[in-house]
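If you read the protein sequences in the order shown, they are chains L, B, D, E and Z. Quick note: the first sequence uses our numbering, first residue 13, plus one each step. Quick note: the second sequence uses our numbering, first residue 13, plus one each step. Quick note: the third sequence uses our numbering, first residue 35, plus one each step. Quick note: the fourth sequence uses our numbering, first residue 35, plus one each step. Quick note: the fifth sequence uses our numbering, first residue 12, plus one each step.
Simulated from the structure, these hints should not be mistaken for laboratory data. Here the structure is a predicted model, which is why all the values come from computation and not from measurement. Note that beta-carbon positions come from the ideal geometry of N, C-alpha and C, so glycine has one too. Be careful, since some hints might not be right.
Computed footprint of chain L on chain Z, listed as stretches where at least three residues anywhere in the stretch have a Cβ under 8 Å from a Cβ of chain L [claimed, not checked]:
1) 56–62
2) 121–128
3) 137–149
4) 163–174
Reference listing, derived: stretches of chain D covered by chain L, where coverage requires no fewer than 3 residues with Cβ under 8 Å from a Cβ of chain L [to be verified]:
5) 81–91
6) 121–130
7) 142–151
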Amino acid sequence: MYEIIEGFLEAIRLIVTLDPDVMAIAARSIIISLTATIIATLFAVPLGAAINFGTFPGKKSLINLIQTLYSLPTVVVGLLIFLLISRVGPFGFLRLLFTPTAMVIAQTVLVLPIMTGLTISALSGVDPVIRDTLYSLGATRLQFLINIMKEARFAILAAVAVGFGRAISEVGAAILVGGNIMASSFASSTRVLTTAISLETSMGNISQSIALGIVLLVIALGVNLAIARVQHR
Amino acid sequence: MYEIIEGFLEAIRLIVTLDPDVMAIAARSIIISLTATIIATLFAVPLGAAINFGTFPGKKSLINLIQTLYSLPTVVVGLLIFLLISRVGPFGFLRLLFTPTAMVIAQTVLVLPIMTGLTISALSGVDPVIRDTLYSLGATRLQFLINIMKEARFAILAAVAVGFGRAISEVGAAILVGGNIMASSFASSTRVLTTAISLETSMGNISQSIALGIVLLVIALGVNLAIARVQHR
Amino acid sequence: MIELDSVSKNFGDTTVLAGVTGQVNRGEIFAVIGPSGAGKSTLLRLIDLLDTPTEGAIRINGLDIHADKGRRLSIRRMMGMVFQKPAVFNTTVTENVAVGLRFRGAGRSEIRKMVEDALDMVGLAGYGDRKARTLSGGEMQRVALARAMVIEPEVLLMDEPTANLDPVSVAMIEDLVVRINRDLGTTIVFSTHDMYQGQRLAHRIGVLMDGVFSQVGTPREVFTLPASREVARFVGIENIVEGGVVEGEDGTAVVDAGGVRVRARSPASTGERVTLCIRSEDLRIAAPSMDTPGRNSLPGTVTSIVPRGPFSRVTVDCGVPLSSVLSWKAVDVLEIREGSRVSVSFAPESVHVVRGVNHRGSGRG
Amino acid sequence: MIELDSVSKNFGDTTVLAGVTGQVNRGEIFAVIGPSGAGKSTLLRLIDLLDTPTEGAIRINGLDIHADKGRRLSIRRMMGMVFQKPAVFNTTVTENVAVGLRFRGAGRSEIRKMVEDALDMVGLAGYGDRKARTLSGGEMQRVALARAMVIEPEVLLMDEPTANLDPVSVAMIEDLVVRINRDLGTTIVFSTHDMYQGQRLAHRIGVLMDGVFSQVGTPREVFTLPASREVARFVGIENIVEGGVVEGEDGTAVVDAGGVRVRARSPASTGERVTLCIRSEDLRIAAPSMDTPGRNSLPGTVTSIVPRGPFSRVTVDCGVPLSSVLSWKAVDVLEIREGSRVSVSFAPESVHVVRGVNHRGSGRG
Amino acid sequence: GTTSDPTPVETQQLRIATTTSLYDTKLLDHLTSIFEEEYNAEVLIVSAGTGKAIEYGQNGDVDVLMVHDRAREDAFLADGYGTDRRVFAYNYFVLVGPESDPAGINGMQPEAAFTAIREAGMADGSDVVFVSRGDASGTHSKEKAIWKGAGFNYSADVQGSGDWYQEAGTGMGATLTMSNEKQAYTLSDIGTYLAYKGDLDLVTLVDEGDILLNIYCAMQINPAKYPDTNTTVAKDWINFMISDDVQKEIASFGVDQYGQPLFYAAQDDWEKIGVPQAEVKDPIA
Ligand SMILES: Nc1ncnc2c1ncn2[C@@H]1O[C@H](COP(=O)(O)OP(=O)(O)OP(=O)(O)O)[C@@H](O)[C@H]1O
Ligand SMILES: Nc1ncnc2c1ncn2[C@@H]1O[C@H](COP(=O)(O)OP(=O)(O)OP(=O)(O)O)[C@@H](O)[C@H]1O
Ligand SMILES: [Mg+2]
Ligand SMILES: [Mg+2]
């Protein structure tokens with residue numbers, strides 16, 4: 013148990029002293045997961061809107077499928093992306109494997125289903141009269157989308173929070189396509205907080221793992237506060 | 013790429029032949045993750061209701077904290093539970109480490125924040141007039157909770173789907189407190205689909221990993237169809 | 035301008051509209067009245083392209099509005115709609131009213147000015163910065179009105195626009211509606227359950243019953259010459275009596291209604307079954323045995339006196355029950371009490387005769 | 035039974051109720067009327083424990099209902115509430131109505147029977163298996179009514195219960211309310227913007243204005259003897275004229291209103307500023323120069339004739355504008371047109387004089 | 012040989028923590044089924060990184076620890092967490108790299124090869140990369156030992172001395188995959204390399220040299236520290252591992268799949284691998 017206390021103290025030390033290694037890792041985590049979340053949002057919101065407001069055969073099945081993909085294990089996502097971008101894969105020529113870009117792609121794919129699904133939930137929760145009012149006021153598709161999102165902003169940003177949480181906390185895909193590389197240059201490295209935590213854990217450094225976990229939660233808190241500010245506007 | 017196709021074929025073979033090893037692992041996955049999800053639901057729903065309908069200082073901060081915990085990495089959850097139930101930990105005497113029970117506990121803790129958070133979202137989406145109507149009809153706390161849940165059943169079951177998805181797809185906590193043990197008796201084993209996938213991946217058996225991933229998704233599909241049936245009742 | 039051509043609408047097994055046919059002219063104010071659940075909202079929603087008819091067509095300027103998906107937006111932009119239970123966007127009142135203008139790309143200062151004017155017109159000047167969600171029922175309804183009016187649509191659809199308003203606000207909104215119609219030539223279709231509102235505002239009224247227009251006409255036609263017993267009852271004619279013609283010639287008929295004989299102006303011929311409709315206001319109550327020549331005069335006993343606005347409604351049992359409306363003063367002067375013997379008189383011209391079976395149209399009945 | 039003791043309610047900076055004081059007696063039907071945004075809904079919500087007053091207390095049977103959280107449930111279970119914009123649960127109509135009974139642990143067969151009866155009473159027999167979400171506005175409102183009534187509460191609170199209903203349904207609901215009050219002794223508090231409804235149903239009416247009850251009284255008091263200019267205007271007195279008493283003795287005052295002299299029964303003394311209220315119905319319009327002794331008689335020119343239900347509202351400019359209500363027939367007989375010269379007469383007893391400044395109470399005004 | 016009644020009434024549980032690279036060879040799966048039958052026991056194997064596995068041992072969460080990191084084993088024993096180390100197998104690490112061998116190390120001694128890689132890697136514009144496990148595993152310990160043997164200060168001269176040296180921070184399989192992707196050099200245990208060989212373009216460049224020796228041992232968790240550890244069956248397991256029959260199994264394991272054995276039996280080679288005879292031969296009492 014003392015590892016938990018030690019982990020806390022270590023976390024405080026890491027944050028206060030701005031430990032350069034940890035800061036680099038943390039910065040990479042933020043950049044990668046935030047980028048993935050933003051890209052996923054750009055796909056998930058229009059997609060979710062199209063599904064929620066569209067009427068087409070198989071709509072319910074599609075929603076079921078999306079919900080099923082919530083269970084997609086991160087390792088499987090990692091493997092699929094890995095197969096696509098490895099040297100012998102169809103996109104091998106891009107030489108993306110073991111780069112931060114690959115991690116962004118994997119995390120984007122990973123959070124896309126849940127963000128789409130929660131967007132659908134969020135939009136389906138909007139009062140139908142609001143929907144009709146927007147139509148009757150002569151909204152174009154885009155205007156409709158923007159305004160319905162404003163109405164559902166609380167729930168949609170909750171979806172973003174879930175997406176970000178899933179992206180920054182996952183490790184399976186990150187390690188498979190990123191590789192947890194610690195090189196001397198920032199850009200060549202792919203070690204993020206979760207992969208570092210895994211590594212420390214496998215080395216038996218529990219308090220260091222917990223310290224890094226706390227650093228991760230501090231980052232998440234910051235992001236969530238930012239999200240909450242937009243939610244309550 | 014051919015691994016993907018091979019993985020598909022292998023998945024079909026495993027399912028059709030009811031491969032006994034894989035079936036045991038799959039059954040364990042279902043039992044553990046479903047149990048964790050159900051337990052988490054029993055905590056998350058009343059908790060979410062208490063937070064959503066309560067008025068107390070620090071409510072917004074609490075919600076922010078819960079949202080932040082969406083980012084709790086599975087490994088960190090695994091470590092914390094590990095420290096508690098490891099022999100030298102405070103609950104070491106229970107000898108829970110490397111048992112399915114430990115995995116249930118870890119997954120419950122893991123999905124509790126997201127299920128609570130999404131329950132709050134779900135309940136806050138209910139028309140305030142519905143809330144007032146229930147009060148004015150003289151609902152006790154429990155009657156209120158049951159009826160408001162019926163109203164929000166779609167969104168609450170979506171939260172359950174998210175929780176189940178997170179539980180069955182996570183690997184970090186399962187491996188730390190479960191240990192991915194393949195023993196000769198079903199009850200002593202702790203190998204579930206995700207830990208098996210990790211193992212196969214680390215052994216370089218990519219198509220086997222993908223096959224197991226597909227099996228996992230088939231299970232998730234079944235669970236989600238069940239959830240959808242209740243949602244649309 | 036708006037043509038309803040056998041418009042039907044089913045929801046699953048429920049037939050709500052069963053072939054509504056009618057026409058709203060350009061620049062006209064057209065009221066749809068009808069009982070709760072008749073399909074008024076459904077009809078307005080079909081016109082506003084928020085739902086699709088099961089059968090039939092709605093044409094605006096000759097164009098089937100549901101036929102061409104590509105023109106939806108431009109058709110919708112011709113119209114403004116106020117919903118029965120209006121919803122407001124979760125923002126300020128000003129922003130709520132501005133939405134339609136923004137959609138049309140109006141400039142900032144133009145929007146500011148128009149929104150201010152609109153709020154002023156609905157009596158909500160100074161409410162601009164309030165959160166719309168915290169408004170009272172009537173305030174929200176007025177925001178919804180302002181929101182629909184500010185875009186100055188060619189066609190304004192309003193579903194029970196004053197249902198939640200007090201009489202002073204109602205008067206203000208009615209003035210506004212008349213002004214918009216007159217000054218901008220806006221075609222206005224509205225539903226209401228307040229028949230007097232229909233009468234005050236509308237050039238023509240359509241009575242929606244049993245899935246069809248039972249009657250379409252000017253307010254005067256609908257109120258004095260209802261096409262059926264149901265319409266009569268609905269437009270508030272309190273005295274509706276069934277009977278058979280016992281003597282019919284020269285445009286005058288004597289009708290036997292439950293033993294009471296009533297003379298009425300009608301071309302109905304002997305033996306015909308008819309329904310007699312007499313407005314309470316046309317009944318005069320006087321001391322008993324005061325006969326006026328040329329008028330129907332029926333003796334009876336007062337059974338109830340119920341206050342009704344500044345009047346009292348007095349019901350008299352003359353064999354058939356007949357109600358009249360008297361001012362409180364008149365009740366005092368005539369010393370009418372329950373049980374008083376009085377005489378009820380009315381002119382044959384005041385009796386509207388509905389001939390034969392109900393003139394109901396092809397409803398589900 | 036229900037005592038409102040200086041009840042105030044602020045929402046942030048907005049003061050909605052500013053010390054409402056009044057009392058509703060056991061078994062009474064009490065109507066709250068007032069303009070849109072006056073705080074009617076807010077007041078009902080406070081009584082139903084859905085919100086807490088900023089200041090003051092609400093007592094039921096002497097008990098401060100907001101004081102003791104432990105008794106909330108039992109107090110709430112005494113009451114039933116119909117909301118202004120009713121919401122229905124996402125299930126069948128039957129289930130919606132049954133909820134309150136289930137909460138009270140009623141048995142299955144009892145519930146079935148009571149729900150069926152309740153649906154029947156609100157005119158929704160046979161709607162039991164419909165999905166409540168698909169109902170029309172008026173149907174939903176009736177479901178909400180049935181839902182609140184079926185639990186047979188001691189106190190029934192209704193916020194604009196018939197706002198979305200057609201006259202036939204309104205009549206049905208009003209009958210029902212009267213019956214419930216009479217047969218079960220239920221105390222009923224309802225808000226309405228339909229003053230005639232207030233009058234038809236209520237034993238007493240409270241006029242909520244500017245955060246307080248401007249007047250509480252029987253319908254007759256409120257409608258004939260409004261306590262202030264605002265109340266007068268609100269209860270539909272169309273002729274409201276300001277003036278100064280030029281001669282006041284023996285309970286009769288002569289008032290100069292913009293050059294026109296009017297005699298009225300009032301103890302006001304010379305020099306006092308007063309407001310004269312005259313109901314349209316009490317004005318008689320006749321051919322010009324027809325003087326009746328003892329009555330005020332003012333010559334004037336007809337400026338407008340507006341249909342109003344079965345009547346027409348005729349406005350005459352006599353120096354001050356005065357409106358009267360005539361039946362269509364009367365308008366025809368008197369050959370009244372816009373521009374006609376006529377004489378408007380009324381008895382001094384028909385003039386209600388509001389003395390001094392507005393009797394407004396301590397409102398925000 | 013056995014030290015207890017071969018058919019106890021109740022099935023006993025034996026918990027073993029092992030390093031991932033050993034577990035992934037499936038040698039243990041092969042042996043446990045034999046053991047379980049013979050001893051009416053149920054074996055629960057947890058595989059983890061060396062550090063984590065040792066942690067499980069330190070906490071007393073397992074009964075037996077099986078690793079391949081001499082220095083940390085010594086520390087573990089010295090701290091009193093473990094007793095009765097027995098060596099049951101050994102093999103050699105291999106230095107693998109791209110067929111083109113840009114640093115030209117083919118056939119060199121390990122230390123020299125490392126020196127060459129570092130020099131080539133640090134040269135301007137070079138595309139020579141060395142991928143390290145970087146995870147404090149047994150393999151990583153061995154790599155550090157080689158750097159030390161070649162005369163470098165690991166943290167100053169190697170780690171962070173340039174982009175040529177990259178720490179994978181993952182398991183052996185992933186490290187091999189990464190090296191393959193980057194056409195880099197890496198140090199691997201033979202078992203994992205053979206398992207992955209089919210998917211790799213990497214070839215064995217250095218496989219001789221004493222320093223590449225990789226010794227696997229099993230230890231019992233000290234019952235003095237954790238009295239309720241299952242000592243009997245733990246001892247059975249360790250004695251089973253060094254029994255003649257099992258030693259034969261170990262020596263032939265993997266031949267049918269890879270055409271060469273993955274391990275050498277330790278039994279008779281104690282001199283060659285430099286451990287005391289008692290550690291390979293003497294059953295625990
Ligand atoms: N939660 C709130 N926050 C701020 N203002 C509020 C809130 N609720 C009500 N109000 C304001 O209080 C005033 C009274 O509202 P209320 O709903 O009681 O009016 P009402 O008399 O019922 O009006 P109506 O006849 O339009 O329904 C309104 O001006 C409204 O904007
Ligand atoms: N989506 C739907 N599914 C099933 N039935 C529906 C649906 N929408 C409306 N209805 C039914 O159609 C009928 C007409 O509804 P509509 O809302 O048009 O009535 P209305 O004339 O506007 O009534 P009100 O005066 O009460 O508002 C009602 O009986 C209603 O229950
Ligand atoms: Mg309607
Ligand atoms: Mg209200």
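Comparing the hints with the structure gives:
1. 56–62: Contact hint for the segment 56–62 of chain Z vs chain L: holds, 4 residues under 8 Å.
2. 121–128: violated (count 0)
3. 137–149: With 4 residues closer than 8 Å to chain L, the segment 137–149 of chain Z meets the three-residue bar; holds.
4. 163–174: holds (count 4)
5. 81–91: holds (count 3)
6. 121–130: Per the Cβ count (4), the hint holds.
7. 142–151: violated (count 0)
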